[in-house]
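Asks: Work the whole structure out from these sequences, hints included.
One letter stands for each residue in the lines below.
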Amino acid sequence: MLKSADGGLRPVPFPVDDPERIPVRRYYDEEFYKLELEHLWPHVWQMACRLEQIPEVGDWVEYSSAGRGVIVVRTESGVKAFHNACRHRGVPIAGGYGNECGKVASGNCAQTGFICPFHGWRWNIDGENTLVYGKHIFSDRQLDPEDINLVPCRLETWANCAWINHDNGAPSVRETFGPVADRLDAHGIGDLRMEWWYGTVLPANWKIAMEAFMEGYHVLTTHPQLSVARRDALNDMYELASGLEGETSQAKSRRNLKEGVTTRQTIDAQFRGMEQLSIGMGGMVHPKELEIMRSLLDADLPDDPMQATGMWFGMVQQKIVDELRAKGEPIPDLNKVAVSDPVNAVEFLFPHWFVLPVFSSMSSYRIRPLGPESCLFEIWSLTMYPEDADYTPPLEPTMLPFDSPDFPPIPRQDYSNIPIQQKGLHATGFDFMRLSHTTEGLISNYHQIIDGYLAGRPQEQLTQAIHELGGNFDGPIKNLDL
Amino acid sequence: WRFNMDGENTFVYGKHLFSERQLNPDDINLIPCRVETAIGCAWINFDNDAPSLRDSIGPLIDRLEAHNVHKLKAEWWVGTVLPANWKIAMEAFMEGYHVMTTHPQLQDIVPMLYDGMYKFPRKDQVELVDPSKSLRENVDMQLESMKRLSDGMDGMLHKKELEIARSLADVDSLGVEFPEDKNMAMMMWLGIVQDQITKRLQAAGEPVPDLNTVCQTDPINAVEFLFPHYFLLPYFSSFSAYRIRPLGPESCFFELWSLTTYPEDTDHEVPMEPTMLPYDSPKFPPIPRQDYSNIPLNQIGLHAKGFEFMRLSKDVEGLVSNFHRLLDGYLAGVPAEKLARANQLLAGNFDGVIKEFEF
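As you go down the protein sequences, you meet chains A and B in turn.
Mapping to this note's numbering: the first sequence position 174 is 174, numbers consecutive.
Each position in the second sequence, counted from 1, maps to that position plus 482 in this note's numbering.
Some clues are possibly wrong.
[As the list claims (entries may be wrong)] Subject to a maximum C-alpha distance of 30 Å in a straight line, what follows is the list of computed DSS-like cross-link-like pairs (lysine-lysine):
hint, chain 1, residue 1, chain 2, residue 2
1, A, Lys103, B, Lys601
2, A, Lys135, B, Lys615
3, A, Lys135, B, Lys601
4, A, Lys135, B, Lys497
Honestly, the hints are just simulated from the structure, not real lab data.
Replies: Structure follows, in structure tokens:
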């Protein structure tokens, strides 16, 4: 139970009272940050590592966030996690770098187990203590096996990742994320592997960094190349009147066709948009998928551009499935799952993981707080590989300065806004984010959930609210009952 | 405004600008701070009522001065900022239990010594030798151990002392009959080494005491901790020293000295400030460098979930417990005399047992 001792809820500073207005101090106040460390991070599912990092028994990696480190290790009986401190005097049994440098400690403990570098205490792969050097120098009560075994950390695997939670009483990963987890499974998320992995330290609050990716409303101005590519045939969908409740972004875009535009123009515009997305993200629409799209530009399609668009995407998805399956990639039936398990172009898994699916490949982000105005932002390209491919995963991110020209264009454009936005928050007279209730709802909704954790609301309420975030990218404020 | 070397104000520029009451001599003289000198250092205390340094640290001060610690001079002085609480930084040096793992090069060369202290229950006699080897072979191992300490620390076991010890390696040509029992033979050889260090350095004009005598009359430990923030590490006649100052809850300033004797008439230029290095600098002597690789990690590990307290050995990590409880005495406001008596119990407590205090 998360309630405070007197049964009531804890007071939350700078709370979200008006869901359309998010008080600005939540993004830099030291006390608010400390409350997040105390009441939010210890109770949530954090993506600790991708399973490609630990393929063999004995492989381990370190994951650390908000000051707390764990070691994730693949044992004979599955992937486990242990809190990373020697039971003697607290030296990390492995790694211990902390986050800022992006360095990921890793190794294999199958031969030697874990050995603390201070006094040489040892544990096996299952976290059981196997050696206390000179144990006769300790009182018996100091060496109770229950106390000197490594302390396990709750861990579950999903989407080919290891997820940890510091709260043994929290609901499971699937129970927490809700139906969106099943829909992502249908899209093959569990079969994806890392193609590349970058990281950067952004001089901004973790929430500011994430909010840049919670709506498409910024695309016209922040990523003009995406709009320009489609301008001949497609209207800007944010200029149009509001759509229907629950309308997906794909359905919205189909309403965007300009007057008198031909099928040819429409398909070309769609392709160019996808091309810019692929170049811009370095993944998400994978080059191999883009080439398949390109090969269908001359396909036979009806004259009605709306009909043609739907048909063309169907053909593209079918061809992607056929060609990549022929190579041995475990692609799901994309047309089928687009109907049975629709997912949004951006899915946010509370509190710190994004996945961006288009066809069979996805981009992914993970954000970790480093301080009230600093965070670590990692970005992956995830794709499918033939089962027998000669695959070597990256073992740690390539760290770049946030203004590096080596980032793909789209995140680079977002990273150019984020640091200056953090500065702007301090301007006199700027007291709250002034949100759109139709398009920036995800921002409001997840902030309300944060308040729920800070206040100590019952876990069931928080879980139900988290379910509402599935598909909420670019979506409306919801009534979360918090 | 001016003050003489006694802190008395000698000049107020334009003193007529001030009300008379502003310029009372008692008020505008510099405010003295309590200071005492001992063991070659100036010690300050912001508390005018605190017991004296000698009453606080106790007879250890006299024992250290019997070893001529007050005649040592700084050979070099380095400093670093460690991203760790000052107490974590100090506790790395409060026991020898960490030597096997943190300084494996010391363990490897004289394993029987450290195994006899930590791996196996201690006997009355320290295990100085491997009985399966000859005296000469054991002497070679000891010399290599001394070399690794000297390279590793520089001050604590000075190069000049290592050279003297090495000149005595040929046990058969020393004109001495060594006992059958190799442990006793080794102790005798070490006595010869100390004797030669004394004689030869004295002959060079260095103010070295008779080491064999003072080891008996005024024994001191290989590491002596002077509460709350100073360490001395003697082996023969030279010392290493550490001083630690807090910079924040998770940051401290750690200084290291090599202290040694110089011939009385030498014009030795003492360093006037520390050479600052990053804590992971390869320029540090290997032994502190190994400790400095653990210390920042230790500070990070303290935050791991489920780690709530240091799980100490009552036999060899007693100094850690004792110094923390003395700290608590200060925080709680225990009377100064009781704190001083507890403080005195820390002498020789390196690698030692938990002690009982009056509070």
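Asks: Work down the list of hints and note, for each, if the structure agrees.
Replies: Hints versus structure:
1. Lys103/A to Lys601/B: Roughly 35 Å separates the two Cα atoms, so the pair is violated.
2. Lys135/A to Lys615/B: Measuring from Cα to Cα gives roughly 28 Å; hence the hint holds.
3. Lys135/A to Lys601/B: With a Cα-Cα distance of about 8 Å, the restraint between lysine 135/A and lysine 601/B holds, given a limit of 30 Å.
4. Lys135/A to Lys497/B: It is violated: about 72 Å lies between the C-alpha atoms, which goes past 30 Å.
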